[in-house]
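Listed here are the chains, written in short residue letters.
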Amino acid sequence: MFRLSETPIDAVELARELAHTRAGACVTFEGWVRDHNEGRAVLRLGYQAYVPLALAEGERILAEARAKFVVVEAACVHRVGTLEIGELAVWVGVSAAHRGAAFDACRYVIDEVKRRVPIWKNEHYADGESGWLHPDNTPVE
Amino acid sequence: MKYRVLYFASLRDRAGIDAEQVESRAGDARGLYTELRARHGFALGEDRLRVAINGAFASWEQPLHDGDEVVFIPPVSGG
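Quick mapping for you: the protein sequence lines, in order, are chains A and B.
Taking this note's numbering, I'd label the letters of the first sequence as residues 127 to 267.
Taking this note's numbering, I'd label the letters of the second sequence as residues 12 to 90.
Same shape as in the complex, but just chain A (with noise of 0.2 Å):
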């Protein structure tokens, strides 16, 4: 399950989802929002999605950890518009039979998430400048 989140994720009741009789171990990771980025300071974020390629692609990215690992569930959460300084960005959660296809899954999907999702972070400074951020870390005005 991948999904887009315009309100506040809620990490227990989604890692609740992943309990299963087969599964002995969970990872979860979550990005958090923090106040700084490249020695600037960060008042706030915004994210920007293309919905519907959004979905799609995270739908796959899942769907390649499922099959590259052992695990019984797998699943993500990302918001989108305004968030603050301290907010859970984006929520990852893998349970598995054992830990290591856990761990593996769970850094696989981040990854990935990060690398092909169509979403974008606009960065607002305390200097009143804001930007979008590129895998470089350049902002692109």
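Rather than coming from a laboratory, the hints here were simulated on the basis of the structure.
Bear in mind the structure is a predicted one, so any value in this text is a computation, not a measurement.
All C-beta atoms, glycine included, are put in the ideal place defined by N, C-alpha and C.
Just so you know, nobody snuck in bad clues.
If you want the footprint, here are the derived chain B segments under chain A, 3+ residues with CB under 8 Å:
hint	segment
1	12 to 24
2	66 to 79
3	82 to 88
Please build the complex by placing chain B on the supplied structure of chain A, with the hints as guidance.
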């Protein structure tokens, strides 16, 4: 032909619009981006973009059809 073009992130800011209907003689995304880049002054070259046609990733050379939805995807930064 008429295409519907959606803009995101820095391309949206530069164009000043979320989406537009474009009348163009360009037959593929490469030609269409060249036109739109000149019109809106986009900073990103096509080497830094991916293309989606009708909601799926596509090549720059895939032939476009009347009514297609075309999106130029800037480098992503989710997470």
